[in-house]
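*Asks:* As they're listed, the protein sequences go chains A and B.
Quick note on the numbering used here: the first sequence kicks off at 1 and runs consecutively.
Quick note on the numbering used here: the second sequence kicks off at 1 and runs consecutively.
Hint data in this document are derived by calculation from the structure and do not stem from the laboratory.
Nothing here was measured: the structure is a model prediction, and the numbers come from that model.
Even for Gly, the Cβ is constructed at its ideal location relative to N, Cα and C.
One or more of the hints may lead you astray.
[Said to hold, decoys possible] Cβ-Cβ distance ranges computed for the label pairs, FRET-style:
id : chain 1 : residue 1 : chain 2 : residue 2 : range
1  : B       : T233      : A       : S501      : 53 to 59 Å
2  : B       : L61       : A       : G125      : 36 to 42 Å
3  : B       : L56       : A       : V271      : 41 to 47 Å
4  : A       : E182      : B       : Y66       : 32 to 38 Å
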Amino acid sequence: MKKYLALLVVSALLFSVLIVGCGPGEEAVAEGQDLVIAMGAEPENLDPLKMMSAPAATVAEHVVENLIYLAEDGTLKPALAESWEPAEDGLSWFLKLRQGVSFHDGEPFNAEAVKYNLDRFMAKGDFEGGDAAVFAFLLGRVTEVEVVDEYTVQIHLDDIFAPIASHLSHSFIGMHSPASLEALAAGDYVEAPIGTGPFKYVSWDRGEQFYMEKNADYWGGAPTLDSVTFKFVPEAGSRVIMLETGEVHAIMAVPPTEIDRLEAEAGIDVVFQNSVRVIYIGYNLEDDLFKDVRVRQALNYAINKEAIIATIFQGVGEPSSAPIVPAIFGYTEAGPYEYDLEKAKDLLAQAGHADGFDMELFHPTGRYPQDATVIEAVQAMLADIGVNASLTTYDWGTYLDTVIVPPDQAEHDAYMLGWGTVTLDADYGLYALFHSSQWPPAGNNVSYYANDEVDALLDEARVTPDRTVREGLYRDAIDIVWNDAPWIFLHNEGQVNAVRSNVKGLIHHPLENLSAWDAYIQ
Amino acid sequence: MYGYVIRRLLLAVPVLIGVSILVFAIIRFIPGDPARAIAGVHASTEYIEQVRKELLLDEGLHVQYYVYITNLLQGDLGRSTFTGRPVTVELFNRFPNTIVLSASAMLIATIVGLSAGIISATRRYSLFDNASMLGALVGVAAPVFWLGVMFQILFSVNLGWLPSGGMGTWKHLILPALTLGLATAALIARITRSSMLEVLRQDYITTARSKGLVERVVIYKHAFKNALIPVVTVMGLQFGTLLGGAVLVETVFSWPGIGRLMVDSILARDYPVVQGAVLLLAVFFVLINLVVDVIYAFLDPRISYGSREVD
């Protein structure tokens, strides 16, 4: 018996050594042009059908490319499509594809491949009846993708829809080798992507890292880096330590408390970038309390956004100056509402609420950074003008069910939510939240905002192909919304990354992607 | 003995059915619409419907459980709603890593704990005894996530000896295993010490000594084996606790084990994976308890499992 026990222990130990020995077997410290980046969350998978997170987009973009690339300055750049033009009637778009591009498996990139990918994404054509992508609504206006010739596709729409180019640039609509997608077993999603990008997929160790090597035949010229590794390190403090020890070259999402320390450290650069999400408190405009615009504005003046950002977010982020963030096409600086208690009290008094009032404020806890803390600060600031907000919070799922409801079911006077305009086009940020056709259950206009002028401007911007004209339309819409104040405009989220100083050329994108195709190690 | 093992295994069946019902129910009774929570704020109504269909949320609870349990019996735990991969694949990718980590931690705990306990018991109130018992007190009290970060700062940042996280070489295993093992080592040391002291007071030890046996034989052959019974109990229970502690340690050290998988899955509201992981841990816990009971019999011949007879 004793012998057996000893045997058992020894074999268990051997087993453990074997398993540990099966890892990549190398130290993570990179030499030469092997870049290592630590990110917090791991991608779900890299399948356009199922992708829904920024980490998935960050990793995928190195291997799989889009037809159109959305640069960090908000401009649309040719990627696998060299040009895109609307037809005369605006009801379809012609995309001229880049010629001579191959997928990493050697398959040619052409119009058939585009049709295959887009049809699969929308569950149309040969994929009719299957499940559409989580983000299929991005192409909700597309009725058909037509192959005109080998390098031209025509995308047909059910109505004129100007933002279609922005939507096609979304990171989740990448072009995969059709052969690789066909090879997937039923029920499986893409884990080993085959695209046309500057890096080729090599391995993905779940819970550990995603490893890719340079594509020497890349159509845009081979990258300088030999390889890129994304490590998944959920604990923010551990990411900081890995950067300090040199185990990684760059980390994403630096915790606010570590910013000062890292900035003081030689050989490490802290990089601040905007994000695309606004955080706001929406009023229930069907509520008599908020029918008067003076009340809505008064509460905006009563909140000290600067103080919230300085104290709760250690300076990361900025007060909202529009219902969308500056990185988005169509943004106009309309605010912020400067903190002014006297003005707030005056406006309240004019509206007949000199003594303030009581309100029910609903908010999520743990969904957005510091959400509950922000709400407590708001509650205290509102108390200064006599507004007594009582707080209610729910688990995220319940919260969405409670708040995103038709007006007759609303229990709240005001609610906190955030919205990321992930297409970087104002249409997605404004139409969904302020057009009167988008009241729940149809959409996300949870404030029940309705303004005919805004509706008309947003409708027109959708069908106007000229980007300059569209910008003007959004400017007018934003000005009206800002003065109507259907929300208490709080802040734009920021993001903070940190990079070792010898790494150059990383792109810190407002979409919270970190891109390494132009990067190199000095 | 074999009969006993089989009986115990059969008894585990109702326990596991109970666990499966509990896990199934707890997730179904989370307030709000799980489909909505999984799909998120940007999701279209069509997608929410699709999720609801996948999770059979429109069916009655009994139908859902029936489908769940029949699939389970065929080894099908469903697919992760987050990654789309089969839950069994997710679990079996990660579980060995957690076993490696916990087993290494247990090994460290056993070596450190037993030696410290025995030496402390035989040299009562010596400097070593006081120092190791103080160390044990700190070890039991220090939270593992704090200890982990301290080790990272000391061994990775300041001394640069060991990697601060990830998995790969044996070096990657040292810090997490040490972090996880120390609290258990402290507990084992304290139990071993008091159990040894208890045994050393027994008459048969005096007899052994008066027979003229060398002290080493008295301690290791006569006292230690009998002192081990409470220690083994604690070690068995601790193995379960280690799996729980692994959740924190795996997060701090980015160790791709099942604890981290559970945390990630809970945050992503990936119910099929959470269910599968809890069930797997329950099975494991039942097995560990069985092993502990069998080891008793080996340590103490007075404990018999063969039949009702007492020998």
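*Asks:* Does each hint fit the structure? Answer for all of them.
*Replies:* Okay, the hints, checked on the actual structure:
The hinted range of 53 to 59 Å is satisfied by T233 (chain B) and S501 (chain A), whose Cβ atoms lie roughly 55 Å apart. Separation of L61 (chain B) from G125 (chain A) is about 39 Å and conforms to the stated range, judged on CB atoms against 36 to 42 Å. Take L56 (chain B) and V271 (chain A): their Cβ atoms lie about 46 Å apart, and the range 41 to 47 Å holds. Evaluation of the 32 to 38 Å hint for E182 (chain A) and Y66 (chain B) yields a pass: the beta carbon distance comes to about 35 Å.
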